[in-house]
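A.B. asks: As they're listed, the protein sequences go chains A and B. Going by the working numbering, the first sequence opens with residue 1, and the numbers climb by one from there. Going by the working numbering, the second sequence opens with residue 1, and the numbers climb by one from there.
Honestly, the hints are just simulated from the structure, not real lab data. This structure is a prediction, so every number in the text was calculated from the model and none was measured. Treat the hints loosely; a few may be bogus.
[As the list claims (entries may be wrong)] Per the computed footprint, the stretches of chain A lying under chain B, defined by three or more beta-carbons under 8 Å from a beta-carbon of chain B, are: (1) 49 to 59; (2) 71 to 85; (3) 168 to 178.
Note that beta-carbon positions come from the ideal geometry of N, C-alpha and C, so glycine has one too.
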Amino acid sequence: MIHALSLSDLTVSRGGRRLFTGLDLRLQAGEAVALTGANGAGKTSLLRTVAGLLRPDAGEIAFHDGDGNRLDDHLARGREVHFLGHQDGLKTGRTARRELGFQCDWLGHTQTGFDHAVEAFGLEPLLDLEVRRLSAGQRRRLAMGRLVGSPRALWLLDEPMAPLDARWRAVFADQMRRHLEADGLILAAVHDPLPIPARTLDLGGLA
Amino acid sequence: MSRPVDAEPRPPGLRGATRVLLERELDLAWSGGGGPLLACGFFACLTAVLPLAAGGDPRTLSPVAGGIAWLALALASLLSLERLFERDLEDGALDLLAIGHLPLESVVLIKALAQWIAVGLPLALTAPVAALALGLPVSLAPLAALSALIGGAGFALTGALGAALALGAKRGGLLIAVVVLPLFIPPVVFGAGALERAASGQSPAPALAFLTAYVLFAGVIAAFAGAAAVRNAQG
Numbered sequence: 001m002i003h004a005l006s007l008s009d010l011t012v013s014r015g016g017r018r019l020f021t022g023l024d025l026r027l028q029a030g031e032a033v034a035l036t037g038a039n040g041a042g043k044t045s046l047l048r049t050v051a052g053l054l055r056p057d058a059g060e061i062a063f064h065d066g067d068g069n070r071l072d073d074h075l076a077r078g079r080e081v082h083f084l085g086h087q088d089g090l091k092t093g094r095t096a097r098r099e100l101g102f103q104c105d106w107l108g109h110t111q112t113g114f115d116h117a118v119e120a121f122g123l124e125p126l127l128d129l130e131v132r133r134l135s136a137g138q139r140r141r142l143a144m145g146r147l148v149g150s151p152r153a154l155w156l157l158d159e160p161m162a163p164l165d166a167r168w169r170a171v172f173a174d175q176m177r178r179h180l181e182a183d184g185l186i187l188a189a190v191h192d193p194l195p196i197p198a199r200t201l202d203l204g205g206l207a
Numbered sequence: 001m002s003r004p005v006d007a008e009p010r011p012p013g014l015r016g017a018t019r020v021l022l023e024r025e026l027d028l029a030w031s032g033g034g035g036p037l038l039a040c041g042f043f044a045c046l047t048a049v050l051p052l053a054a055g056g057d058p059r060t061l062s063p064v065a066g067g068i069a070w071l072a073l074a075l076a077s078l079l080s081l082e083r084l085f086e087r088d089l090e091d092g093a094l095d096l097l098a099i100g101h102l103p104l105e106s107v108v109l110i111k112a113l114a115q116w117i118a119v120g121l122p123l124a125l126t127a128p129v130a131a132l133a134l135g136l137p138v139s140l141a142p143l144a145a146l147s148a149l150i151g152g153a154g155f156a157l158t159g160a161l162g163a164a165l166a167l168g169a170k171r172g173g174l175l176i177a178v179v180v181l182p183l184f185i186p187p188v189v190f191g192a193g194a195l196e197r198a199a200s201g202q203s204p205a206p207a208l209a210f211l212t213a214y215v216l217f218a219g220v221i222a223a224f225a226g227a228a229a230v231r232n233a234q235g
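Isolated chain B (complex conformation) (with noise of 0.2 Å):
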């Protein structure tokens, strides 16, 4: 005797699980006290800060203001990726989204791009800003959003690659930034480097390519690696 077909468990459909999935996770990166504004907030402060450390001159200032906003940008970016697997980790859901219709594989890239989008998506639209503030020239703006949009990508997937890695280890936090800010260096450099491109006269568009390269990789990367991380750390 079983049941008959219609009385199933209708699945949500891949698509109907990715879209619960990320509302929720969006839905807790805004409700979790704020980390995106937290993040922006940051992000200013330090570049307001390095201006009066490094001294106001804009001749000084101004050839670094590309590089000086990236690594801001990065600093920021790592604010928020504790929360991303260990509070799942610590109340039990982790194990729920485990046995959900989405291999965890997904789960991983779901939660980047929940990351990209509550985090990295402000972050880029303050980078302009900031960037104008250490001297860069006001035609560039647009490029520092989308460059930092699009960095914004690969920070959040080596990010949840970096806080998967750390999971249930003491101190975690800090374990991410140093596991995680190594694999910020391209797109750092990439990023700064399009800016540098553009101020210079040049075609940003080659800097631009590899940093989107280094997005592609390290979804894929992430993926995998992030999922075996979460499966080890829940053994």
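One chain only, chain A, in its complex shape (with noise of 0.2 Å):
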């Protein structure tokens, strides 16, 4: 299990435009990251190439167990990363039920993650209903489920909330504070302060 994320003199660029050059983070398990900076100083970016899906320039992202030992990248990204970015990655011909037992199933689960993950996000009434049927705010919340659904130690969330209501917020919230308090860790890229405490790491604004 991820116990601590650092990110070493991460440099990343988009497009040939460098977004941000020698960025140092050390996140430890039971810790909340939000990541502001204007539009386009690299938040996502930032999110995507911890998740594995961009390489960075330069520097370096380790993942590290409790006993301190570095857990192969590979591996610690399969099983212990969860990736919630702006697109839900929903299939809008599948009901709610398959979109969200697929990804709990490939994620990895344990046997009553998909039933914590109705319950947490009141998924309950969507789940016949096709995704395209649903809301962006339902969509977010069947995404979210996945969060719940599958329990891995570290999230990367891009603007999680922006697509909520006030009420889904504060149970988004409560979730996100529990899983810090079952020792995980958050790095979220946000334009409102996070309702949990958080550290901050403001990436800037476009020079």
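Make the complex out of the two chains shown on their own, each in a separate frame, by following the hints.
C.D. replies: Okay, here's the thing in structure tokens:
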């Protein structure tokens, strides 16, 4: 299980444009970091880099377990990292039940993961609907289901609350709090402050 | 402080993850506007139009029946390739597939396998009908189906590679056709060759062996090159 994430001297560019250089960050179990910065500052790119979807120009991303041993990058990402991006990754033509089931199964789950997810985000009435019939907020809740349904230590969240209404923001805040209490780690790109105690890492703005 | 061991997530296991993804892919292939039926319909239309274009005389038609059937098969196999990766890239599902237990190489192979089952298998069942309609002797119908089935695996694998290479390109469907059709030449040659040899009383085994060798080769290339292309499109 991932106990610490460390980024050292990280440099990332996108489409030939340097987003940030020499970024250092250390995130411990039970901690949350809120990434802030102007549009285009590189928040999403940083999250994608940590998830292994983007290759950094320079620098290192390391995952460590509780004893301080470095974990294999592929194994850590394939078993212990959740990435919830702008897009929900849901298939519009399939039912919510099938999509949530696939996401939980694919990412690895406990016996009761699916039921926990349904309960946590109030998905029961949505399960038999096709994803195309769901609103943006409902889709986001469905996508969030995998965070609970498939327990993984590091949550990489990109504007997770944006489409949610006040009620579900509070519910999600509660889930984040629980995740931190269970020694999870959260790295979230946000514009509004996170509703949980979190350090802030400001990527600045465009020059 | 850390979680007790039995609260750790249970990974689905490699076989479990393979099954889960395969089921999803098959579901998507069949539910997304009936892609397999469309491919079979296209295949049947092509083989129905060709005799009209070339004249219905069996003496001109039957010597080339195997070749025409295989050409039509290759074209029909192109149809649903765009769906294979492009939709997953557009809706963000490809990111999800990239952080699962299975490496991307396996994801590409499983998607190709689903393509083979969903599209290659129905086409292989249509192939004997089409070939007979073009004037192939009835005794060769089982061989037409078998060779189309083996060839379908090759089409699915190289097709998956082409679909991965065309990711993110505008008019990707057309690009896939241009990238993939040249790679379809060997299976067309071997497949039509098998039918031709059998029609002239020789054993089709060598041609089928070449066809199978192509499939194995395509499997290795498609897995690695396809995964690299997907990573490139995500980055």
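A.B. asks: Now tell me, hint by hint, if it's right for this structure.
C.D. replies: Verification of the hints:
1. 49 to 59: This one holds; 5 residues, not fewer than the three required, reach chain B with a Cβ under 8 Å.
2. 71 to 85: This one holds; 8 residues, not fewer than the three required, reach chain B with a Cβ under 8 Å.
3. 168 to 178: Violated - the segment 168 to 178 of chain A has 0 residues with a Cβ nearer than 8 Å to chain B, which falls short of three.
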